[in-house]
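Q: In case you want the letters, here they are:
There are 2 protein chains.
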Amino acid sequence: MSNKPSLHTSLSPALLHLYDLSNSVVVIIDVFRATSTIASALYNGARCVIPVDSVPKALEIAKNIGGIAAGERDGKIADGLEHGNSPMEYNREFIENKNLVLTTTNGTRLLQMALDKNADTIISGSFPNLSAVCDFLVKENKNVVLGCAGWKDRFNLEDTLYAGAIIHAIGKKFTIHCDSSLMAETMYAKNKNKLHEFAPKLTHYHRLVERFGLIEDIRFCLTPDVANVLPLYVEGKLVAR
Amino acid sequence: MSNKPSLHTSLSPALLHLYDLSNSVVVIIDVFRATSTIASALYNGARCVIPVDSVPKALEIAKNIGGIAAGERDGKIADGLEHGNSPMEYNREFIENKNLVLTTTNGTRLLQMALDKNADTIISGSFPNLSAVCDFLVKENKNVVLGCAGWKDRFNLEDTLYAGAIIHAIGKKFTIHCDSSLMAETMYAKNKNKLHEFAPKLTHYHRLVERFGLIEDIRFCLTPDVANVLPLYVEGKLVAR
Chain H
1 MSNKPSLHTS LSPALLHLYD LSNSVVVIID VFRATSTIAS ALYNGARCVI
51 PVDSVPKALE IAKNIGGIAA GERDGKIADG LEHGNSPMEY NREFIENKNL
101 VLTTTNGTRL LQMALDKNAD TIISGSFPNL SAVCDFLVKE NKNVVLGCAG
151 WKDRFNLEDT LYAGAIIHAI GKKFTIHCDS SLMAETMYAK NKNKLHEFAP
201 KLTHYHRLVE RFGLIEDIRF CLTPDVANVL PLYVEGKLVA R
Chain L
242 MSNKPSLHTS LSPALLHLYD LSNSVVVIID VFRATSTIAS ALYNGARCVI
292 PVDSVPKALE IAKNIGGIAA GERDGKIADG LEHGNSPMEY NREFIENKNL
342 VLTTTNGTRL LQMALDKNAD TIISGSFPNL SAVCDFLVKE NKNVVLGCAG
392 WKDRFNLEDT LYAGAIIHAI GKKFTIHCDS SLMAETMYAK NKNKLHEFAP
442 KLTHYHRLVE RFGLIEDIRF CLTPDVANVL PLYVEGKLVA R
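So the protein sequences, as listed, match chains H and L.
Per this note's numbering, the first sequence runs over residues 1 to 241.
Per this note's numbering, the second sequence runs over residues 242 to 482.
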């Protein structure tokens with residue numbers, strides 16, 4: 001028997017209940033765009049990112065602790081907020097030494113689910129911080145659940161491709177008996193040299209680019225290691241480690 | 242705007258609620274082995290296959306109408322039954338002109354879910370009846386939901402590969418904005434000439450072959466058009482059309 005820890009991929013929040021999180025590092029994956037934005041903000045010096053599940057809560061917490069309330073619903077800046085879920089908004093000039101309170105359609109909801117299921121450790125992952133995530137998972141040497149946020153519980157390929165990128169890089173360090181992980185790694189290996197060319201095939205690409213013109217966001221979100229920081233969830237906050 | 246009907250792939254019963262079934266032909270897919278067994282039995286002259294959700298119900302109905310009660314739980318013949326869920330059991334000598342009452346872990350449960358969600362039309366699909374399913378879907382020219390049964394709500398690749406085989410064959414007849422379908426077709430196209438070589442990578446292969454020695458079943462279940470019949474659900478029964 002192998003003594004390697006296990007690795008599983010959950011393709012949708014609606015499947016997360018199938019996995020034991022209590023002994024696992026859970027990687028929250030919302031490539032377009034929440035976890036890419038979290039990496040961007042922390043890489044650019046944000047003190048922390050506080051994920052919350054509603055706009056009123058984002059406004060209240062931002063007011064109480066002194067911070068930026070931000071978020072999106074259905075791909076655009078949420079009503080009542082001035083800042084959205086674009087990684088491009090959170091450059092160093094704007095976000096350094098500030099707290100970011102963020103609410104999003106899929107990613108922050110998945111993080112709350114992982115908390116409710118008593119995940120041992122929660123981190124957030126995206127292409128911009130791929131290497132930092134891989135290094136952490138190898139160092140921790142615990143079981144891993146790669147949690148894809150999807151879109152309103154639907155499977156999406158960008159989150160799956162990112163799960164595949166992790167498996168491609170460090171899968172050999174884990175015991176993997178999981179068809180989702182096998183599929184994710186296969187899809188990534190096939191497309192790794194043409195992620196930007198592949199992107200227009202994704203349903204979410206059409207939502208973001210054709211409706212909102214967010215081509216720069218997409219480029220950033222598919223580029224490895226441009227904001228290579230590890231967002232670790234500690235006492236209600238994602239902080240850089 | 243395209244006037245083609247839509248096609249979606251549901252990767253797990255836990256995701257079926259995301260799709261509108263009321264205007265759709267739903268293809269129940271449980272490659273290892275329920276829907277392959279259904280194709281085998283009907284191809285070999287079974288009068289009908291009655292899918293039920295429990296062993297007592299299977300026994301009761303088989304007694305009342307005169308038929309064979311059969312089924313599996315966790316990959317082996319269910320306690321209390323004499324016949325299982327192997328397509329190899331249902332040769333013409335055994336099953337011709339008989340009623341088969343079948344209960345299985347995943348496939349028959351998914352069929353019940355599709356019924357509960359008021360699916361317009363329900364058929365059952367597997368590699369052994371791939372062409373019959375494709376021909377029917379093209380002829381009907383309605384929206385399609387490819388429903389993968391998975392394993393206890395987990396994603397599995399054999400059902401996804403079969404969904405991909407359908408899309409590979411007739412996808413151009415449909416409007417497809419669905420990352421699951423894009424993934425399924427990509428995985429199938431990559432592996433279509435080596436399905437039997439790919440099979441040992443699947444978690445379900447290990448369950449069936451290493452634990453139960455069912456290598457012949459696997460071969461049958463991955464071979465297109467060897468039992469090319471269309472199982473259509475009509476008033477509680479799957480019948481050959």
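Treat the hints as calculated values from the structure; they're not laboratory data.
The C-beta atom is built at its ideal place from N, Cα and C for all residues, glycine as well.
Treat the hints with caution; some may be incorrect.
[Stated by the list, open to error] Residues from chain H that keep clear of chain L, each with C-beta distances beyond 10 Å, as calculated:
| hint | residue |
| --- | --- |
| 1 | R109 |
| 2 | M113 |
| 3 | T160 |
| 4 | G171 |
| 5 | K172 |
| 6 | M187 |
| 7 | K192 |
| 8 | G213 |
[Stated by the list, open to error] So the derived label-pair ranges between C-beta atoms look like this:
| hint | chain 1 | residue 1 | chain 2 | residue 2 | range |
| --- | --- | --- | --- | --- | --- |
| 9 | H | E216 | L | T416 | 42 to 50 Å |
| 10 | L | N434 | H | I170 | 28 to 36 Å |
| 11 | H | F94 | L | K380 | 56 to 64 Å |
| 12 | H | Q112 | L | D261 | 26 to 34 Å |
| 13 | L | E451 | H | N118 | 42 to 50 Å |
| 14 | H | D20 | L | K304 | 38 to 46 Å |
Q: Each hint should be assessed against the structure and marked as holding or not.
A: Evaluation of the provided hints:
{"no.": "1", "hint": "R109", "in the structure": "15 Å, holds"}
{"no.": "2", "hint": "M113", "in the structure": "14 Å, holds"}
{"no.": "3", "hint": "T160", "in the structure": "7 Å, violated"}
{"no.": "4", "hint": "G171", "in the structure": "13 Å, holds"}
{"no.": "5", "hint": "K172", "in the structure": "15 Å, holds"}
{"no.": "6", "hint": "M187", "in the structure": "6 Å, violated"}
{"no.": "7", "hint": "K192", "in the structure": "14 Å, holds"}
{"no.": "8", "hint": "G213", "in the structure": "19 Å, holds"}
{"no.": "9", "hint": "E216/H - T416/L: 42 to 50 Å", "in the structure": "29 Å, violated"}
{"no.": "10", "hint": "N434/L - I170/H: 28 to 36 Å", "in the structure": "30 Å, holds"}
{"no.": "11", "hint": "F94/H - K380/L: 56 to 64 Å", "in the structure": "58 Å, holds"}
{"no.": "12", "hint": "Q112/H - D261/L: 26 to 34 Å", "in the structure": "28 Å, holds"}
{"no.": "13", "hint": "E451/L - N118/H: 42 to 50 Å", "in the structure": "33 Å, violated"}
{"no.": "14", "hint": "D20/H - K304/L: 38 to 46 Å", "in the structure": "41 Å, holds"}
Figure legend: structure checked against the earlier numbered hints; hints not met, in rising order: 3, 6, 9 and 13.
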